[in-house]
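Those sequence lines, one after another, are chains B and V.
Everything in the first sequence is counted per my numbering, starting at 1 for the first residue and increasing by one.
Everything in the second sequence is counted per my numbering, starting at 1 for the first residue and increasing by one.
It is possible that part of the hints are untrue.
[Claimed, not checked] Far from chain B, by Cβ distances over 12 Å, these chain V residues were calculated:
hint	residue
1	Arg9
2	Ile12
3	Gln18
4	Ser31
5	Gly40
6	Glu48
7	Asn56
8	Asn59
9	Arg63
10	Asn71
11	Asn77
12	Glu82
13	Leu83
14	Gly84
15	Ser94
16	Pro105
[To be verified] Below, simulated SDA-like cross-link-like pairs (lysine to any residue); rule was C-alpha separation at most 20 Å, straight line:
hint	chain 1	residue 1	chain 2	residue 2
17	B	Lys96	V	Gly42
18	B	Lys42	V	Ile26
19	B	Lys63	B	Lys96
20	V	Lys57	V	Val97
21	V	Lys1	V	Arg73
22	B	Lys79	B	Gly32
23	B	Lys57	B	Arg31
24	B	Lys42	V	Leu88
25	V	Lys57	B	Tyr95
26	V	Lys57	B	Lys63
27	B	Lys59	B	Glu15
28	B	Lys96	V	Thr7
29	B	Lys96	V	Gln37
30	B	Lys42	V	Leu98
31	B	Lys57	B	Ala109
32	B	Lys96	V	Val97
33	V	Lys1	V	Gly28
34	B	Lys59	B	Thr104
35	B	Lys57	B	Gly32
36	B	Lys42	V	Thr53
37	B	Lys69	B	Asp94
38	B	Lys59	B	Gly41
39	B	Lys96	V	Leu83
40	B	Lys96	V	Leu88
None of these hints come from the bench; they were simulated from the model.
Backbone N, C-alpha and C fix where the C-beta goes; we use that ideal spot for every residue, glycine too.
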Amino acid sequence: EDQVTQSPEALRLQEGESSSLNCSYTVSGLRGLFWYRQDPGKGPEFLFTLYSAGEEKEKERLKATLTKKESFLHITAPKPEDSATYLCAVAPNDYKLSFGAGTTVTVRA
Amino acid sequence: KAGVTQTPRYLIKTRGQQVTLSCSPISGHRSVSWYQQTPGQGLQFLFEYFSETQRNKGNFPGRFSGRQFSNSRSEMNVSTLELGDSALYLCASSQRVLDTQYFGPGTRLTVL
């Protein structure tokens, strides 16, 4: 069965304090790995899609990387507006997306 | 381009009733997926439609059903509501199957 595990569950950062979120997965044939950001009471907002090991994508203060077993979301010099829950999802061969439980990031000014 | 829209945004029902939720995908997107999000189980895949055909289904009972219309709009129906059906129901659309999915704001369903 496909499994996605995100760590840590929660992360409290000081503004400017860089950190990384982890998403480890076991899946039958990875078609893609997705990162989303979700604010309370809203739908997930798309951030990145990664398709193969070694791939990296960047957007503002966020950078996502992918290996054969895990993905990292690096947050560089975060600001309070980066506070959100970050969700990782994997798409196996049948493309039934499996989501991790998420990492809730709180950035204090 | 307008994003994915879902109606209604909030809904309160009682046990035993049925409910229909609606989703309008991004213009040009032909694939629509539905998810249930709860604090305990997280985001769980319900089903996916492409060109009016159900292409994939998650592990939910038959009380959960859906359909897609020729204009790609989709509806999901839950019959004989149970307290455990209280959740945020999210719809996501993509241009094609296997493309990145974009989510709507969700419908918050409360079952009393």
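Comparing the hints with the structure gives:
Chain B draws V/Arg9 into its interface by the beta-carbon criterion, the shortest separation being 10 Å against a cut-off of 12 Å. The non-interface label for V/Ile12 is consistent with chain B: the shortest C-beta to C-beta separation is roughly 16 Å, beyond 12 Å. No beta-carbon of chain B is positioned within 12 Å of the beta-carbon of V/Gln18; the least distance is around 24 Å. Look at V/Ser31: its CB is around 9 Å from the nearest CB on chain B, not clear of 12 Å, so calling it non-interface is violated.
Consistency note on V/Gly40: stated as away from chain B, yet its beta-carbon is not over 12 Å from all of that chain's, at 10 Å minimum. At roughly 8 Å from the closest C-beta of chain B, the C-beta of V/Glu48 falls inside 12 Å, breaking its exclusion from the interface. The claim that V/Asn56 lies off the interface is violated: its Cβ sits roughly 5 Å from the closest Cβ of chain B, which falls inside the 12 Å cut-off. At roughly 9 Å from the closest C-beta of chain B, the C-beta of V/Asn59 falls inside 12 Å, breaking its exclusion from the interface.
The beta carbon of V/Arg63 sits about 19 Å from the closest Cβ of chain B, which is more than 12 Å, so the claim that it is off the interface holds. The non-interface label for V/Asn71 is consistent with chain B: the shortest C-beta to C-beta separation is roughly 21 Å, beyond 12 Å. Every CB of chain B is more than 12 Å from the CB of V/Asn77 (nearest about 20 Å), matching its label as outside the interface. Against the 12 Å criterion, V/Glu82 stays outside the reach of chain B, whose nearest CB is about 22 Å from its own CB.
The claim that V/Leu83 lies off the interface holds: its Cβ sits roughly 21 Å from the closest Cβ of chain B, which is beyond the 12 Å cut-off. Its beta-carbon lying about 18 Å from the closest one in chain B, V/Gly84 satisfies the requirement of being farther than 12 Å from that chain. V/Ser94, annotated as away from the interface, has a beta carbon of chain B within 12 Å; the closest lies near 10 Å. For V/Pro105, the shortest C-beta to C-beta distance to chain B comes to about 5 Å, within the 12 Å cut-off, and the non-interface label is violated.
Proximity of B/Lys96 to V/Gly42 is assessed by CA-CA distance (about 15 Å); at most 20 Å being required, the pair is judged to hold. A threshold of 20 Å between alpha carbons decides the hint, and for B/Lys42 with V/Ile26 the separation of about 17 Å falls inside it, so the pair holds. As the CA atoms of B/Lys63 and B/Lys96 are separated by approximately 25 Å, the hinted pair breaks the 20 Å bound. For the proposed pair V/Lys57 and V/Val97, the alpha carbon gap of about 14 Å is at most 20 Å, so the pair holds.
Between V/Lys1 and V/Arg73 the alpha-carbon distance is near 16 Å, which keeps this suggested pair within the 20 Å criterion. Note on B/Lys79 and B/Gly32: the hinted pairing is violated, with a Cα-Cα distance of about 28 Å set against a maximum of 20 Å. Straight-line distance between C-alpha atoms of B/Lys57 and B/Arg31 comes to about 16 Å, which keeps the hinted pair within the 20 Å bound. Taken as a hint, the B/Lys42 and V/Leu88 pair is honoured in the structure, with Cα atoms around 9 Å apart against an allowance of 20 Å.
The suggested pairing of V/Lys57 with B/Tyr95 holds, with an alpha-carbon distance near 10 Å, which does not exceed 20 Å. Using a Cα cut-off of 20 Å, the hinted pair V/Lys57 and B/Lys63 is violated, with the two alpha carbons roughly 32 Å apart. Our distance criterion of 20 Å between C-alpha atoms is met by B/Lys59 and B/Glu15, whose separation comes to about 18 Å. A hinted pair counts as satisfied when its Cα atoms are at most 20 Å apart, and B/Lys96 with V/Thr7 does not qualify at roughly 24 Å.
Simply put, B/Lys96 and V/Gln37 have alpha-carbon atoms about 15 Å apart, close enough for the 20 Å limit, and the pair holds. Using a Cα cut-off of 20 Å, the hinted pair B/Lys42 and V/Leu98 is violated, with the two alpha carbons roughly 23 Å apart. At most 20 Å may separate the alpha-carbon atoms for a hinted pair to count; B/Lys57 and B/Ala109 exceed this at roughly 27 Å. Among the hinted pairs, B/Lys96 with V/Val97 is consistent with the structure: their alpha-carbon atoms are about 10 Å apart, no more than 20 Å.
Taking the CA atoms of V/Lys1 and V/Gly28, the gap is about 10 Å. The hint holds against a cut of 20 Å. The suggested pairing of B/Lys59 with B/Thr104 holds, with an alpha-carbon distance near 19 Å, which does not exceed 20 Å. For the given pair, B/Lys57 sits about 13 Å from B/Gly32 by alpha-carbon distance, which is consistent with the 20 Å threshold. About 28 Å separates the Cα atoms of B/Lys42 and V/Thr53, which puts this hinted pair outside 20 Å; it is violated.
Among the hinted pairs, B/Lys69 with B/Asp94 is consistent with the structure: their alpha-carbon atoms are about 19 Å apart, no more than 20 Å. In summary, the hint linking B/Lys59 to B/Gly41 is not supported, as the alpha carbons are separated by about 24 Å, beyond the 20 Å threshold. Taking the CA atoms of B/Lys96 and V/Leu83, the gap is near 26 Å; set against the 20 Å cutoff, the hint is violated. Proximity of B/Lys96 to V/Leu88 is assessed by CA-CA distance (about 19 Å); at most 20 Å being required, the pair is judged to hold.
Against the hints set out earlier in the document, violations occur for numbers 1, 4, 5, 6, 7, 8, 15, 16, 19, 22, 26, 28, 30, 31, 36, 38, 39.
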